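Going down the list, the protein sequences come from chains Y and D.
Residues 1 to 431 in my numbering are what the first sequence spells out, letter by letter.
Residues 1 to 431 in my numbering are what the second sequence spells out, letter by letter.
By construction, these hints were calculated from the structure, which means they are not laboratory data.
All values reported here derive from a predicted model rather than from experimental measurement.
Each hint should be verified, as a subset may be incorrect.
Identical chains share a label here; the pair holds if one copy fits it or two copies do between them.
[As the list claims (entries may be wrong)] In the EDC-like style, the derived pairs of lysine to aspartate or glutamate whose C-alpha atoms are separated by at most 16 Å in a straight line are:
id	residue 1	residue 2
1	Lys8	Asp35
2	Lys209	Asp5
3	Lys209	Asp80
4	Lys209	Asp401
5	Lys209	Asp59
6	Lys188	Asp148
7	Lys8	Asp42
8	Lys209	Glu190
9	Lys8	Asp197
10	Lys8	Glu240
11	Lys8	Glu31
12	Lys209	Asp147
13	Lys188	Asp160
14	Lys8	Asp141
15	Lys8	Asp160
16	Lys8	Asp199
17	Lys188	Asp5
18	Lys8	Glu47
19	Lys209	Asp87
20	Lys188	Asp152
21	Lys209	Asp20
22	Lys209	Asp98
23	Lys188	Glu90
24	Lys188	Glu132
25	Lys188	Glu75
26	Lys209	Glu47
Spelled out from the first residue to the last, the chains are:
2 protein chains.
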Amino acid sequence: VEEGDSEKARDLVSPLHPADIADLLELIPSERRADVAAALGDLVGAEVISELNDYVRDDLIGALAPEQLAEFAAELDTDDAVAIIEDMEEADQQAVLDAMEPEDRAAIESALAYPEESAGRLMQRDLVAVPEHMTVGQVIDYLRDNDDLTRDFWEIYIVDAAHRPVGYSQLSWILTCPRGVAMADLMKREQTLIPVDMDQEEVALRFQKYALISAAVVDRAGRLVGMITVDDVVHIISEEAGEDILRLSGAGEGDINQPVLLTVRTRLVWLVVNLGTAMIAASVVGLFERTIEHLALLAALMGIVSGMGGNAGTQTLAVMVRAIATNQVTGSNTWRMIGREFRIAATNGAALGTLIGIGSYLIYGQLGLSLVFATAILINNLVAGLAGVLIPVTLDRNNVDPAVASAVFVTMMTDSMGFLTFLGLATIFLT
Amino acid sequence: VEEGDSEKARDLVSPLHPADIADLLELIPSERRADVAAALGDLVGAEVISELNDYVRDDLIGALAPEQLAEFAAELDTDDAVAIIEDMEEADQQAVLDAMEPEDRAAIESALAYPEESAGRLMQRDLVAVPEHMTVGQVIDYLRDNDDLTRDFWEIYIVDAAHRPVGYSQLSWILTCPRGVAMADLMKREQTLIPVDMDQEEVALRFQKYALISAAVVDRAGRLVGMITVDDVVHIISEEAGEDILRLSGAGEGDINQPVLLTVRTRLVWLVVNLGTAMIAASVVGLFERTIEHLALLAALMGIVSGMGGNAGTQTLAVMVRAIATNQVTGSNTWRMIGREFRIAATNGAALGTLIGIGSYLIYGQLGLSLVFATAILINNLVAGLAGVLIPVTLDRNNVDPAVASAVFVTMMTDSMGFLTFLGLATIFLT
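Only chain Y is shown next, with the shape it has when bound in the complex:
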């Protein structure tokens, strides 16, 4: 559509929401993206840039002058501007900052001073804070008279003389109360304060748990320094929850806009690590080469033992990784979880073992083989259940992300133990 006819493309795109324009740009093959963006001109504004996928944005802003980027950054809330600038190279970052107004620059520089993925990067500085003694009427007059206040906020914070938050009020409470009511009587004193260095994942969990719309961010001295609103947290909640599946499978970020070579590198590292565990499993099989020469059927069946264990282990692992990520696993219920998974593994192992034992007896008519097969299935299910709980819990206690590292160990256990029990029992009882 956009070939040459930029007038028409502009007409089609102009009624769209910035998020939709960003989606559209992401769908265009990367080699034509810059041309399309140029044809759309000022329709690709600050908000569109801010909505773009990181990699697509990198593609596009390379072509922009620092002055243009500085202008975009000034239009956005601090947190959105920081999100764009934090990904840039040091030198480009400096060029953009130099082109900004001193006030905007100070806000962004102080945000960049906080660690990546912390509340300090996520918060915006524009917020409304009033002292406790003000009345509803005074607050409304203050809001009407101050043109330089932000126009987008959902709650206002009530602070003491040292600028420490003592409570908050939803705007709806202010709007439904007579002018004479004091903020001290209207506000809610129980509030969820976010320390400025809190990790964004933890921030997202608090928003979820307490159903927050916005929250005050405080520095170490307890002073109000910013606010985080739920719309900035929503994409973190979704990313963090979706990330586990990608990490567990070793797919890295799993971003479909990531350059191919970067993706190859991430995935290859994971495959090579798994090659190591596959070699360990292979060497277990190697121990039993004699047995297999005698009874090649074992080679066909051993994959069922290791595969079933692998599946059961992955099930337990997925449940545990989600439970840990949502803070559902604590010291007090770890033993209960282990007991629960052990019972599930024992029941499933017994059921599958029986099914496979009877099935294989009907097919091959060898009682010894079927008993060995069924026993190996049961044992490997128990191994899978225990490994599926103990490995992520242990990694988590040692501050290793269980989503990243668990799968390798669990697979190693289910593969190696599956081969060891099946071929080991077969060697003892069948040859």
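Using the hints, position chain D against chain Y.
Using the frame of chain Y, we list chain D on its own:
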């Protein structure tokens, strides 16, 4: 702590947020939960019940009288009350509804008339809607004078004479404007309307995409019937994103509070389905029993071929499942995705094949074996890459959830094709 000393337990628990009390109840072993809840008495109120995990709630509300539940439901927003009542058995549901005030009952019954997991179940009926001609001052007076309005809202909707929404205004815009401004001049006309029968997953995606705080829900005639607020959507976003990992691994809901027997049943079904694919793979190996009798080493190495393919397939699958779930895959970029994954698979396959070929030559010193090994690894990587894209995309086009069904097919492909290429090539070239 709670043994007998209910006075002390109440003192400890009373300053907590309802969400924290709910968490505490979830941590208590199920057999002691009812006693603790009884000891806490009215601290376990409507909000705590509403925050509880479904299974834990079922445990606790079994003991409550319908009148008590009706009272709880009346205290909550429609959507939270519906969430509690929709999970109950038909007869219990009716008993609770009978015990409610007619007005509350009507609201809940009409919500229950919408399909499960639809916007209609998620929305609340209490909202503020005003006609276009009102001024800011009139709206504020209206809000102050009507005591029966909800106290918790973030935006108000502007409707025409037929009660169709024509725009919305954030409360902050109303608070920062002089009394004389007409709502028609203040409101934003571009708004995201949610049809009452929209699936909750789609609702969550819209909230995410457009960074919504609340949205108007309309019936088929376009009339305003309710509103959904972001706090009700946040847990859906997190659940939907976290669900994929559980579905992909066949762990069902993955709820750690689910009764063990129900969990066993869900997981066992998955394991039996996978047993089928494992048997297909085993039968492929069975075709080559002769080859394996000759060269038992193949039995040890074949697991590396299938395993590497399985890992690569899972990586691609995880990326595709997330991309599909977040609406990033459309007709226009499917081919681009296939091309991308093919290039990644070819690069990784070549790298792994080379590594494994050279490695195995150094270990075993058999050039033929190493060439067969390397070729099989490369081919199986390509199979994995293509299956990892094509299977979820095809399932999605046929309205089957790719997270649930893809893994079985991908594993079947990588296992069977891995064995087939490796053992097949070995049979041709090595025996």
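Evaluated hints:
1. Lys8 with Asp35: within (15 Å within a copy, 70 Å between copies)
2. Lys209 with Asp5: Answer is neither; intra-copy 50 Å and inter-copy 29 Å both fail.
3. Lys209 with Asp80: Between copies only: 15 Å across, 24 Å inside.
4. Lys209 with Asp401: neither (22 Å within a copy, 28 Å between copies)
5. Lys209 with Asp59: Classified as neither; 37 Å inside a copy, 21 Å across copies.
6. Lys188 with Asp148: Close neither inside one copy (26 Å) nor across copies (20 Å); limit 16 Å.
7. Lys8 with Asp42: For Lys8 and Asp42, the Cα distance is within 16 Å only inside one copy (15 Å; across copies 65 Å).
8. Lys209 with Glu190: within (15 Å within a copy, 31 Å between copies)
9. Lys8 with Asp197: Intra 48 Å, inter 35 Å, cutoff 16 Å: neither.
10. Lys8 with Glu240: neither (39 Å within a copy, 38 Å between copies)
11. Lys8 with Glu31: Answer is neither; intra-copy 21 Å and inter-copy 68 Å both fail.
12. Lys209 with Asp147: neither (35 Å within a copy, 29 Å between copies)
13. Lys188 with Asp160: Within one copy only: 14 Å inside a chain, 35 Å across chains, cut-off 16 Å.
14. Lys8 with Asp141: neither (46 Å within a copy, 47 Å between copies)
15. Lys8 with Asp160: Neither way: Lys8 and Asp160 sit 56 Å apart in one copy and 33 Å across, limit 16 Å.
16. Lys8 with Asp199: So Lys8 and Asp199 fail the 16 Å test inside a copy (45 Å) and across (34 Å) alike.
17. Lys188 with Asp5: Intra 57 Å, inter 31 Å, cutoff 16 Å: neither.
18. Lys8 with Glu47: neither (22 Å within a copy, 54 Å between copies)
19. Lys209 with Asp87: Answer is neither: 30 Å inside a copy and 21 Å across each miss the 16 Å cutoff.
20. Lys188 with Asp152: The answer is between: 13 Å across copies meets 16 Å, while 21 Å in one copy does not.
21. Lys209 with Asp20: Only across copies: Lys209 and Asp20 sit 8 Å apart there, 30 Å inside one copy, limit 16 Å.
22. Lys209 with Asp98: neither (40 Å within a copy, 32 Å between copies)
23. Lys188 with Glu90: neither (43 Å within a copy, 39 Å between copies)
24. Lys188 with Glu132: within (12 Å within a copy, 32 Å between copies)
25. Lys188 with Glu75: neither (32 Å within a copy, 19 Å between copies)
26. Lys209 with Glu47: So Lys209 and Glu47 pass the 16 Å test across copies only (12 Å; inside, 29 Å).
The structure shown violates the earlier hints numbered 2, 4, 5, 6, 9, 10, 11, 12, 14, 15, 16, 17, 18, 19, 22, 23, 25.
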